[in-house]
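Spelled out, the chains give:
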Amino acid sequence: MLKVSIYRYNPEVDEAPYMQDYDFDTQGEDLMVLDVLGMLKAKDSSISYRRSCREGVCGSDGMNINGKNGLACITPLSECLKGNKLVIRPLPGLPVIRDLVIDMSQFYAQYEKIQPYLVNNQPAPGIERLQSQEDRAKLDGLYECILCACCSTSCPSFWWNPEKFIGPAGLLQAYRFLADTRDTDTENRLANLEDPFSVFRCHGIQNCVAVCPKGLNPTRAIGHIRNMLLRGAT
Amino acid sequence: MGVITNITSFSRNGLSDWLLQRVTAVIITVYICFVTFYFLAQPNLDYDQWRNLNGLFSMKVLNVLTVVSIAIHSWIGLWGVLTDYVTVRLLGPKATFLRVLFQIGMITITLIYLIWALDIVWGI
Numbered sequence: 637m638l639k640v641s642i643y644r645y646n647p648e649v650d651e652a653p654y655m656q657d658y659d660f661d662t663q664g665e666d667l668m669v670l671d672v673l674g675m676l677k678a679k680d681s682s683i684s685y686r687r688s689c690r691e692g693v694c695g696s697d698g699m700n701i702n703g704k705n706g707l708a709c710i711t712p713l714s715e716c717l718k719g720n721k722l723v724i725r726p727l728p729g730l731p732v733i734r735d736l737v738i739d740m741s742q743f744y745a746q747y748e749k750i751q752p753y754l755v756n757n758q759p760a761p762g763i764e765r766l767q768s769q770e771d772r773a774k775l776d777g778l779y780e781c782i783l784c785a786c787c788s789t790s791c792p793s794f795w796w797n798p799e800k801f802i803g804p805a806g807l808l809q810a811y812r813f814l815a816d817t818r819d820t821d822t823e824n825r826l827a828n829l830e831d832p833f834s835v836f837r838c839h840g841i842q843n844c845v846a847v848c849p850k851g852l853n854p855t856r857a858i859g860h861i862r863n864m865l866l867r868g869a870t
Numbered sequence: 430m431g432v433i434t435n436i437t438s439f440s441r442n443g444l445s446d447w448l449l450q451r452v453t454a455v456i457i458t459v460y461i462c463f464v465t466f467y468f469l470a471q472p473n474l475d476y477d478q479w480r481n482l483n484g485l486f487s488m489k490v491l492n493v494l495t496v497v498s499i500a501i502h503s504w505i506g507l508w509g510v511l512t513d514y515v516t517v518r519l520l521g522p523k524a525t526f527l528r529v530l531f532q533i534g535m536i537t538i539t540l541i542y543l544i545w546a547l548d549i550v551w552g553i
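As they're listed, the protein sequences go chains U and C. If you want my numbering, it's the position in the first sequence, counting the first as 1, plus 636. If you want my numbering, it's the position in the second sequence, counting the first as 1, plus 429.
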């Protein structure tokens, strides 16, 4: 029998958050955490969480599973269980709206800051802006981010300064556009990042790398941004 | 997009602080390695020997570089700690006053240390 402990908080009813325990019979199957949540919700409909695609593409069901951030839909019990205990909490560091649902406004505000779109001041060509295969390959490991926020909410620098430090997810995307040969706004993008907080709050502890459900490496992208800043300023 | 500034960080520029933090770390490491090896190589070290070593011009240069490096390194590092933990987010509205107070205190102590240590190592 699996012991499942879920973070519960409904601000309309509860004075403080608390952990609620459930017994769950997996019937010997290696279920995904999202499946467990779904079956528990069938019994207790008040449990709240976000989910959508249930296959690791939409990034809705990021949560803290036995102490590690991840997507519930692609985290099998065999990967995350400690003994027979499953502890599920919301992603840390952002305000809780209810149970496992967090307010991601601050996360999106940082994403918006890095201007996550191509900026090109050249006249638009007749059909499309072409890239060589080599230039396109530079975007691999960057464009795959699904903005689930597992990385940024595992980063202490983002916990302490979420309004000033862009965070790993935003910086991975910042580099995605800095590395794009079709973008002509490199200078301006870099100028917006050289203050003491936006990039330089990263101390390279690599929590982001350890938790990214897509296997991406924000720390490496941040290193590339630093090198670009260094190249331009020395 | 609002520009993020900070008037109490060492150089007021993230890139510059980041580079200085690394360069000063290397200088401090060189000093620690040299002095450790020196102590190991001179098990019967006495005061006169130690004084003579620190009286050499090359050693004075290393001492001054190390003293200045410690001042810069700790300014940048402690500024980082204070802006992480002494914040309105963690401590409430009083935090701004406390942070400014601690930052000014940290900078003052660092400058006192710097002048005092330079006077000692250059005066040998």
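If you're looking for bench data, these hints aren't it; they were derived computationally from the structure. Treat the hints with care, as some may be off.
As the list claims (entries may be wrong) - The list that follows gives simulated cross-link-like pairs (lysine-lysine, DSSO-like), each with its CA atoms no further than 30 Å apart:
| no. | chain 1 | residue 1 | chain 2 | residue 2 |
| --- | --- | --- | --- | --- |
| 1 | U | Lys639 | U | Lys749 |
| 2 | U | Lys749 | C | Lys523 |
| 3 | U | Lys718 | U | Lys749 |
| 4 | U | Lys704 | U | Lys718 |
| 5 | C | Lys489 | U | Lys800 |
| 6 | U | Lys800 | U | Lys677 |
To be verified - DEER-style ranges, computed between Cβ atoms:
| no. | chain 1 | residue 1 | chain 2 | residue 2 | range |
| --- | --- | --- | --- | --- | --- |
| 7 | C | Asp548 | U | Asp776 | 39 to 49 Å |
| 8 | U | Glu648 | C | Ile544 | 58 to 68 Å |
| 9 | C | Arg451 | U | Glu764 | 37 to 47 Å |
| 10 | U | Glu665 | C | Gly534 | 38 to 48 Å |
| 11 | U | Arg772 | C | Trp551 | 34 to 44 Å |
| 12 | U | Asn720 | C | Val464 | 52 to 62 Å |
| 13 | C | Val455 | U | Asp771 | 30 to 40 Å |
| 14 | C | Gly552 | U | Gly868 | 54 to 64 Å |
| 15 | C | Phe463 | U | His860 | 52 to 62 Å |
Cβ coordinates follow ideal geometry from the N, Cα and C atoms, glycine included.
We went through each hint and held it up to the structure:
no.	hint	in the structure
1	U/Lys639 to U/Lys749	violated (42 Å)
2	U/Lys749 to C/Lys523	holds (28 Å)
3	U/Lys718 to U/Lys749	violated (39 Å)
4	U/Lys704 to U/Lys718	holds (12 Å)
5	C/Lys489 to U/Lys800	violated (41 Å)
6	U/Lys800 to U/Lys677	violated (37 Å)
7	C/Asp548 to U/Asp776: 39 to 49 Å	violated (57 Å)
8	U/Glu648 to C/Ile544: 58 to 68 Å	holds (59 Å)
9	C/Arg451 to U/Glu764: 37 to 47 Å	holds (42 Å)
10	U/Glu665 to C/Gly534: 38 to 48 Å	violated (60 Å)
11	U/Arg772 to C/Trp551: 34 to 44 Å	violated (58 Å)
12	U/Asn720 to C/Val464: 52 to 62 Å	holds (54 Å)
13	C/Val455 to U/Asp771: 30 to 40 Å	holds (36 Å)
14	C/Gly552 to U/Gly868: 54 to 64 Å	violated (42 Å)
15	C/Phe463 to U/His860: 52 to 62 Å	violated (34 Å)
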